[in-house]
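Let chain V serve as the given structure and place chain F on it in line with the hints.
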Amino acid sequence: MGTRVMSHETHASLLGRVAEGIDPAAWTEFHNRYAELIRGFARRQGQTAADCDDIVQEVLLALLKVMPGFRYDPTKGKFRSYLKTVTVRVILQRRRQKGRSSVIGDAESPLPVADDVVDDRWEDEWRSHHIRHAMERIQPEFSLENRRAFSLYAMQGLSVERVADEVGISVNQVYKAKSRILRRLGEVIATQVAEEG
Amino acid sequence: MANGEQSWFSDGEDLLRGVRDTASHWADLPEISGYAELVELERGGQGVVYQARQCSTNQLVAIKVLRSGASATDEDRFRFCREIELVAALDHSSIVRVHDSGITPQGQPFYVMELVDGLPVDEACEQAGMDLAGRLALFAAICDAVGHAHWHGIIHRDLKPRNILVDGDGHPHILDFGLAKLTSDRTGAGAAALDSVTRSGQFLGSLAWASPEQVERTPEQVGLGTDVYSLGAILYQLLTGQLPHGVTTNLVEAVRGITVAPPVPPRSIRPQIPTDVETIVLRCLAKEPGRRYPSVGELQRDVRRYLAGEPIGAKRDHTGYLLRRAIVRHKIVAGLAALLLLSGVVFLVAITAQYRRVVDAERSASHSLEVATIEAERAEVVRRFLTRMLSAVNPSRAGRDVRVVELLEQAAIDIDVGFDDKPIVEAALRHCIGQAYRSLGLLKQASQHLERGLSLSVEHRGVEHREAIQASMELAILRAMQGRLPEAESLFEGAQQVVERCVDETDELFAATLLGVAGLRNMQGRLIESEQLLRRGLALAAEHRGETHPDTIRATHNLAAVLNRMQRRDESEVFLRRALAQHTEVHGPEHLHTVRARGNLGVLLMESGRLDEAEPLVVATLAAVRKILGEDHAETINFLHNVAVLREYRGEHDRALTLARQALQAAEKVMTSGHLKIARYRSHVGACLERLGRYQQAEQELLAADRDLRTQLGDGHPYAQKSATELARLYESWGKPELSSRWRELAPGASGR
Chain V
1 MGTRVMSHET HASLLGRVAE GIDPAAWTEF HNRYAELIRG FARRQGQTAA
51 DCDDIVQEVL LALLKVMPGF RYDPTKGKFR SYLKTVTVRV ILQRRRQKGR
101 SSVIGDAESP LPVADDVVDD RWEDEWRSHH IRHAMERIQP EFSLENRRAF
151 SLYAMQGLSV ERVADEVGIS VNQVYKAKSR ILRRLGEVIA TQVAEEG
Chain F
1 MANGEQSWFS DGEDLLRGVR DTASHWADLP EISGYAELVE LERGGQGVVY
51 QARQCSTNQL VAIKVLRSGA SATDEDRFRF CREIELVAAL DHSSIVRVHD
101 SGITPQGQPF YVMELVDGLP VDEACEQAGM DLAGRLALFA AICDAVGHAH
151 WHGIIHRDLK PRNILVDGDG HPHILDFGLA KLTSDRTGAG AAALDSVTRS
201 GQFLGSLAWA SPEQVERTPE QVGLGTDVYS LGAILYQLLT GQLPHGVTTN
251 LVEAVRGITV APPVPPRSIR PQIPTDVETI VLRCLAKEPG RRYPSVGELQ
301 RDVRRYLAGE PIGAKRDHTG YLLRRAIVRH KIVAGLAALL LLSGVVFLVA
351 ITAQYRRVVD AERSASHSLE VATIEAERAE VVRRFLTRML SAVNPSRAGR
401 DVRVVELLEQ AAIDIDVGFD DKPIVEAALR HCIGQAYRSL GLLKQASQHL
451 ERGLSLSVEH RGVEHREAIQ ASMELAILRA MQGRLPEAES LFEGAQQVVE
501 RCVDETDELF AATLLGVAGL RNMQGRLIES EQLLRRGLAL AAEHRGETHP
551 DTIRATHNLA AVLNRMQRRD ESEVFLRRAL AQHTEVHGPE HLHTVRARGN
601 LGVLLMESGR LDEAEPLVVA TLAAVRKILG EDHAETINFL HNVAVLREYR
651 GEHDRALTLA RQALQAAEKV MTSGHLKIAR YRSHVGACLE RLGRYQQAEQ
701 ELLAADRDLR TQLGDGHPYA QKSATELARL YESWGKPELS SRWRELAPGA
751 SGR
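So the sequences go chain by chain: V and F. Under the working numbering, think of the first position of the first sequence as 1, with each following residue one higher. Under the working numbering, think of the first position of the second sequence as 1, with each following residue one higher.
Some clues are possibly wrong.
[To be verified] Restraint ranges, calculated between C-beta atoms of paired labels, are given here:
1) V:Asp54 / F:Arg650: 35 to 41 angstroms
2) V:Arg89 / F:Asp131: 49 to 55 angstroms
3) V:Glu123 / F:Ile269: 43 to 49 angstroms
4) V:Asp54 / F:Gly494: 33 to 39 angstroms
5) F:Leu739 / V:Glu123: 55 to 61 angstroms
6) F:Asp507 / V:Ser143: 54 to 60 angstroms
7) V:Ala190 / F:Asn58: 39 to 45 angstroms
8) V:Arg44 / F:Asp131: 51 to 57 angstroms
Just so you know, the hints here were simulated from the structure itself, not pulled from any lab data. Glycine included, C-beta positions come from ideal geometry on N, C-alpha and C.
Bound-form chain V, shown alone (with noise of 0.2 angstroms):
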């Protein structure tokens, strides 16, 4: 931990050294990145929380399988569409297990849902996954009175005096967080939207 900050490095050099298979940190990288846009589809896809941890573990191990020897071949499709049809293998497959082992508590689960819905669904989340991880990335640039002006104006809605008093600086350095802030996240996303493919 320490002020040292995660280090983040290209996704098309990450999955490079995730097939590799030299580098255990790479998948440390790797799994902290895609966790949580496993997990938060495995939620609003009406599984409980323990249930989402075992569906991250059970997405990255079968990765895990198939990465070795992975090569990004954009003509192929892209990574996201992968990883969506294996996470949605995933969770069908544990439904189905589910039903058979418990008789009585099928009621409460969720009912199939239509592809196009599970699309949209997927598609939030990957773009949380995509801004999460664009904030991370771009948090050692910003200054923390910045970080906080923005998270309080732009995210929480405050109004631009309060924030300003709130954080000790002007209110036009308020607006100037906020728009360099989303500037510079908009050009990261489309980096790594680019390296994704």
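Using the frame of chain V, we list chain F on its own:
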């Protein structure tokens, strides 16, 4: 989707909407009262680390909020708080301090620690361009911290460069001590290490430094040696710039690498690494925990020896060998009749101590003439008594076979005739003689003296006098040994009440009482209470009496026993090895206390399934105890039972049965009928018969044992549950499923064996 993809993050408003919907952690900071200005530092498998300002001190701190949250049960939270309490007690400049902990309003456990500005140890070494000696010195400093934590019974379990930060002054800081456990085996004792680590993705990140026992899903073997292994992997990395087993792409292969393949010798990567240093690294990386350095302290000493230009110890004999040699030596010594005299010496030491106490009292009590007179008189009486007794040991008169028992009998006669007018002196001596009889396993005689001593003390000193308190505790211990638990309980409780009212916490008697009650709670199966009492007693004894005081060692030893019964084997092993080291240091390797600790370590290893390591210890202990205490002593019988269990685990059912029967017969001979132990041994005989397919006889023994255990201990006691499990197993093998399931219901918590 393709079009939306282009626009959503390039349009400020769309992006902002997304940011708000994401409820990102930027806005979604946990509320932790007493801390402000939270900024996220790092997000990992275990949880999120924030930087924050502690309001009370205005200092910057780091707060780790663990992921578990909503799915955590109350028990998880209780465990979390208990672990944190243990970790927070660590005080070492290289262990990152835990200042505070709690649960957020959202239900997530968190802990607060000092904020370290540093680099992971591997990067720090590279950046500073450190030479070999520098790296080794830094490594030794890391070992020092890990050793300190081990001394307090805390194993790190997840040592890796990311958890060891080196600050600008080159000082290491180890993070997350003992905390890997909190997020890893959430499901409790049975969870396999691998499952648990993969769950949070930690495994993947820690694989390179994980020990064979961790990746092999044998969590019961995770112990001190686990940290030794990880330290070895770190040292390997610091020296060669590589990992001992390049982590392959395939999980199965990676596991095989760690568990089977020998590491690439460091010198084949960098020939300039000295051979001694390579030896040190490779010894840490041994696959079997038993072949690594037995402690981090040993490892550190070798590193320091190397740095000082001295020969290292790793090339010398391994502990196992030394131990075997000690046992051989022991046999030679034991061959002499000296052993009985050895117990005699214990007795004499007790008497002499009593005498010395009296003399001391004589000096310090000079302010009161009356007291002085009484004490001087006592001193004189004890001196005469001692002289007479010692003259009885004159070998030319009695031959070399003066038995302690005879000595005691003589003393008992003396005391019966000579002390009518000096009740206080008589009480003290009866106390001594009673204890001596007790330690010889002659409980009936012990009982006579301790009872008489207690009543004299109470009558002439009053119940609140420390001698009376001591006397009632000694009698309570005896009653517990006799299996008369209700009597023991009321004696202990009486003593405890008086102690809490009249005795200061720093007093020896206070800790001794806690330890006594803890022993009783252990026997009653009230293990959590026992653990709490022992930990408190241990802390008090260590603080006020020192690390090598008998009470400190006893507390350490007993804590290990209780933890073992709670299936917390890795923690147990830590305390047990510590007690063994302390006993060896204080009493030497052949003393009964040392022998006993070694035997218990054998039992622990046996129950952990480490039979090869356990066997020499358990077998040698039986031989040693037999020679020291004789065939008919309760402890000898107990170790006989242990060897029987070992044989059973080994699948040598015939030998197991023979030994189990011997233990039962011996117990029936020396213990009063209905004694708890008899029932336990009978139950084991039944179990052995079951393994051999002799179901009818097995049923007879098991049912008889079960009846006794249940009457005395109640249905909830672990022994009663274990007995029910055995019966369920019997009926299952016998093809009587209805009976089997009926017994199974009586053993809800019990597992397999």
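Hint check results:
Under the hint 35 to 41 angstroms, the C-beta atoms of Asp54 (chain V) and Arg650 (chain F), about 37 angstroms apart, fit the expected range. A C-beta distance of roughly 53 angstroms is found between Arg89 (chain V) and Asp131 (chain F), which places it inside the suggested range of 49 to 55 angstroms. Here the CB-CB span from Glu123 (chain V) to Ile269 (chain F) is close to 48 angstroms, well matched to the stated 43 to 49 angstroms. A hinted range of 33 to 39 angstroms is violated for the C-beta pair Asp54 (chain V) and Gly494 (chain F), which are about 53 angstroms apart.
A hinted range of 55 to 61 angstroms holds for the C-beta pair Leu739 (chain F) and Glu123 (chain V), which are about 59 angstroms apart. Distance hint for Asp507 (chain F) and Ser143 (chain V): a CB-CB separation of about 57 angstroms, consistent with the stated range 54 to 60 angstroms. Separation of Ala190 (chain V) from Asn58 (chain F) is about 41 angstroms and conforms to the stated range, judged on CB atoms against 39 to 45 angstroms. At roughly 54 angstroms, the beta-carbon separation of Arg44 (chain V) and Asp131 (chain F) lies within the given 51 to 57 angstroms, and the hint holds.
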